[in-house]
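So the protein sequences, as listed, match chains A and B.
With the numbering used here applied, the first sequence corresponds to residues 1 to 457, in that order.
With the numbering used here applied, the second sequence corresponds to residues 1 to 455, in that order.
Where hints are given, some of them may not hold.
As the list claims (entries may be wrong) - To spell it out: a stretch of chain B is covered by chain A in this simulated footprint if at least three of its residues, at any positions, have a beta carbon under 8 angstroms from a beta carbon of chain A; those stretches are: (1) 64-78; (2) 122-136; (3) 224-236; (4) 267-273; (5) 282-296.
Said to hold, decoys possible - Listed next, with one range per pair, are the computed distances between beta-carbon atoms: (6) B:269 x A:112: 39 to 45 angstroms; (7) B:283 x A:386: 35 to 41 angstroms; (8) A:84 x B:121: 33 to 39 angstroms; (9) B:65 x A:148: 56 to 62 angstroms; (10) A:266 x B:230: 23 to 29 angstroms.
Read the hints as simulated data drawn from the structure, not as lab findings.
Yeah, the Cβ is synthetic: ideal placement off N, Cα and C, and Gly gets one too.
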Amino acid sequence: MARPTGDHVNAEHGLRLPWSRTERPVPRRVVKPLQSFLEQEAAGGAFLLAATVVALAWANSPWWESYDQLWRNTLTIGIGRWAISEDLRHWVNEGLMALFFLVVGLEIKRELVTGDLREIRAAALPVIAAVGGMIVPALIYLAFNAGGEGAPGWGIPMATDIAFALGVLTIGARRAPANLKPFLLTLAIVDDIGAILVIALFYSGGVTLGPLAVAASLCGVIVLCQVINIRATAIYLVLGLGTWIATFESGIHPTIAGVALGLLTPAVPFQRPRAVSEEAHRVADKTVDDPVPPDADAHHWLRLARLTSEAVSPLARVEAALHPWTGFVIVPLFALANAGIRLSSTALLDAGTSAIAIGIVAGLVVGKLAGISAASLVAVRAGVGTLPSGVRWRDLLGAAAVAGIGFTVSLFISELAFTDDRLADTAKVGILAASLLAGVIGFWLLRWAGRPDVRDP
Amino acid sequence: MSATRSGGSSGLRMPWAQSDRPVPRRVIRPLQSFLDAETASGILIVGAVAIAIAWANSSWRETYEHVWGTELVWRLSRWSVSDDLRGWIRDGLMTFFFLVVGLEIKRELITGELRDRRAAILPLVAAVGGMLVPALAYIALTAGSSAERGWGIAMPTDIAFALGVLLLASRRTSPGLKVFLLALAIVDDLGSILVVAIFYSSHLAWTSLAAAAGICVAIVALRRIHVQADAAYVAMGVGLWFALRSAGVSPTLAGVALGLLTPCVPLQRPRTVSEEAHRVADETVDDPVPPDADAAQWFYLADLARDAVSPLARMESLLHPWSSYVVVPLFALSNAGVPLTGHALAAGATSRVAVAIVAARVLGKTLGISIASGVAVRIGLARLPRGVSWRHVIGVAAAAGIPFTVSLFVAELSIRPGTVLDSARLGILAAALIAGLFGFLLLRAADRHPAAAPR
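Could you put together the complete structure from these sequences and hints?
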């Protein structure tokens with residue numbers, strides 16, 4: 001949701017530019033290039049990659065103890081005898097990541113209401129592909145781990161990291177058909193739905209019904225507030241915070257509260273755009289350039305500002321407000337807090353021989369590629385779905401490989417699946433290796449598919 | 001508000017509070033126009049005080065202390081911020097109250113009544129008189145006792161209450177009188193803020209104070225280079241609050257500083273924004289495909305429309321309702337619950353603090369303001385505003401004697417919890433009641449003698 005960029009548009013209208021868009025040295029040489037970089041789709045992936053590299057470098061440097069200590073600091077918020085006390089890593093994983101999942105919820109809702117998932121016939125292929133891409137990796141993982149200590153980790157290879165997958169797709173496939181990206185996006189979002197269901201159903205601790213009922217009724221109150229057209233943001237903030245706390249207390253992973261709030265956000269604007277346009281003309285005519293006293297027109301302008309934002313759906317508004325934070329701060333912070341594993345030779349040797357790591361690598365690299373491609377092939381052959389126009393099988397193969405980058409959500413599930421740090425670390429080595437492999441293979445496949453001399457297999 | 005309602009005919013969809021459903025129509029909308037009135041805050045505070053007193057004297061009186069004494073703690077490994085709920089309201093939420101006060105002072109100084117230095121002289125002199133005389137009276141009456149430190153209690157005027165009394169007492173208040181009271185109260189606020197900053201700070205930590213000053217300089221620098229991101233200033237404000245807190249100064253002063261540093265000139269020329277508004281309104285469509293395709297344009301216009309208003313007015317319209325209708329009533333609720341048992345009343349009536357507060361507020365304020373104004377006018381330093389008689393000035397002076405929010409605040413800062421503090425609170429409540437009645441009667445009487453008004 002970037003604003004219309006470009007001083008060339010605004011400068012001629014006599015607008016005063018904020019610091020970041022002026023021609024001063026720092027904005028011109030640092031801020032502006034940074035901003036135009038941030039507007040690219042690969043930027044989130046680049047931040048995530050940088051955070052992962054920093055975490056790995058830090059955890060394997062002479063200062064590795066400071067890495068562990070930092071994330072073990074406890075942050076406590078207490079009133080009287082009631083308190084929430086967690087270490088920083090869990091505040092990131094359960095608190096900040098709730099905002100990431102809120103954005104995921106918003107994306108799912110948009111896909112369902114106005115996007116590709118609205119029509120189940122059109123969405124059949126990515127949905128079936130995603131389901132194949134979840135089941136096959138989980139089965140492959142279980143083939144290595146069933147009955148063993150690694151068995152609880154079957155959900156790890158099911159996930160797809162949207163930021164990384166999109167990043168590789170944008171960089172690797174400059175000539176990819178235009179419809180490949182929406183296909184991958186829809187597939188990844190269905191993957192997210194699957195991961196959320198898995199987290200909620202299989203990786204939640206002992207559930208306490210009281211707080212769960214509170215969380216559910218708070219969601220009910222939110223719906224009620226929407227039905228009677230309450231629009232005050234403060235009310236929804238308080239209700240949302242309450243839902244998070246109730247979910248936290250119920251034993252269900254609190255990020256699920258984020259998903260629920262995302263799904264409950266309306267996708268339709270409060271005002272008809274035309275009514276707002278008319279009002280904008282009116283306010284623009286009514287206000288003067290030099291009011292006496294100054295700010296005599298303030299209530300007109302502030303009202304126009306409010307109406308104008310109401311011409312956009314709450315979904316788009318919340319997304320515009322949160323997306324930069326989740327993409328450039330929260331998810332990288334999550335990687336920084338979770339990806340720093342010690343890669344000593346013994347740890348690597350352990351991982352190399354561990355069924356958990358092997359299961360994850362096989363599941364993500366082979367399972368995703370095979371599952372997505374096979375499911376798509378069956379769906380198309382059976383006449384249930386059709387390839388998006390312009391997309392060839394070799395493009396789909398590349399996208400399927402890229403979907404094997406499980407990273408963020410895989411790391412997330414590995415933290416939930418294993419309470420034993422040793423097992424979790426082994427799983428993380430597997431996730432890092434698998435994500436790297438899947439990325440490289442996907443990148444190479446997409447490159448290969450983009451070459452003009454390649455025939456469709 | 002009238003502007004919003006006129007939107008009903010133009011096809012705009014009204015939020016619940018402005019719809020024609022029964023609850024909004026019968027409850028919410030009358031409530032909103034009620035809240036719009038300047039006296040509303042005063043009435044809410046009276047309600048909060050009544051509840052606090054009823055609560056503290058009911059059979060659940062233990063829960064009153066228990067609730068406001070509950071500890072709220074933030075701890076990050078060994079570093080922690082902890083206070084009871086009353087303290088969080090006093091040092092935390094009241095920062096927003098003082099932020100609004102800072103905004104009002106700045107507006108009055110730059111574009112309001114205090115801009116014209118000649119016109120500002122009378123309220124300035126009156127306010128100084130109305131601070132010095134009560135403070136001296138208080139000190140004279142409490143000299144040598146443990147309450148002597150609380151002389152600042154006698155100084156501040158409560159704008160909401162004083163204005164409420166003025167509006168209730170005289171139906172046809174001349175605008176000059178209202179402005180006089182407002183300007184006087186704002187100078188009073190400035191004085192009280194200085195007193196709190198200078199005299200009620202404990203063990204100043206100079207490094208933290210330097211950090212606070214550094215943050216203020218940084219805010220000015222950010223403004224200079226036109227940084228407009230709200231997040232930057234919010235972060236600076238939070239930093240300032242913590243710096244002042246660890247400096248031993250009341251952290252609410254962070255609010256005043258931020259208020260005074262807020263620019264009162266819009267970031268964009270209104271005309272430019274008008275032109276952009278026409279353009280965006282023309283370029284956007286009613287049914288974009290995909291939905292929200294025009295979102296970027298609308299966001300852009302929303303930002304611009306906000307920038308056509310000065311940051312000062314924006315902040316005020318955002319914070320004023322919270323400050324008046326939530327923060328100050330909460331402050332009253334958490335502080336006004338004094339026990340009114342016969343024993344406590346007897347102790348209060350005979351306590352030097354309570355007597356000193358009542359005397360200083362009721363007599364000291366009235367005399368101080370009236371005499372200072374009289375002298376200023378006699379020696380030709382200032383003139384009475386048009387349509388204002390001496391009777392009016394004396395009535396307003398009495399109404400200005402109502403102590404409340406800031407006085408309770410100073411009492412909390414200067415007197416240790418215990419019976420003396422309880423007596424001080426009792427004195428403040430009694431003085432508010434007496435000064436309010438006194439001012440009301442004097443203003444009523446002044447209205448009956450319009451002929452006496454000098455032209």
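Status of the hints after comparison with the structure:
Look at the stretch 64-78 of chain B against chain A: 8 of its residues bring a Cβ nearer than 8 angstroms to a Cβ of that chain, three or more, so the hint holds. For a cut-off of 8 angstroms, the count of residues in the stretch 122-136 of chain B with a CB near a CB of chain A stands at 0, and the three-residue condition is violated. Evaluation of the coverage hint for the stretch 224-236 of chain B: fulfilled, as 5 residues show C-beta separations to chain A shorter than 8 angstroms, against a requirement of three. Beta-carbon proximity to chain A at under 8 angstroms applies to 7 residues in the stretch 267-273 of chain B; the threshold of 3 is reached and the given coverage holds.
Coverage of the stretch 282-296 of chain B by chain A holds. Counting CB-CB distances below 8 angstroms, 12 residues qualify, and the rule asks for three or more. Hint check: residue 269 of chain B to residue 112 of chain A, Cβ distance near 44 angstroms, so the stated range 39 to 45 angstroms holds. Hint check: residue 283 of chain B to residue 386 of chain A, Cβ distance near 36 angstroms, so the stated range 35 to 41 angstroms holds. For residue 84 of chain A and residue 121 of chain B, the hinted distance range of 33 to 39 angstroms is not satisfied, since their beta carbons lie about 56 angstroms from each other.
At roughly 58 angstroms, the beta carbons of residue 65 of chain B and residue 148 of chain A sit within the given window of 56 to 62 angstroms. For the pair residue 266 of chain A and residue 230 of chain B, the beta carbons lie near 25 angstroms from each other, so the given range of 23 to 29 angstroms is met.
Comparing the model with each numbered hint stated earlier shows that hints 2, 8 do not hold.
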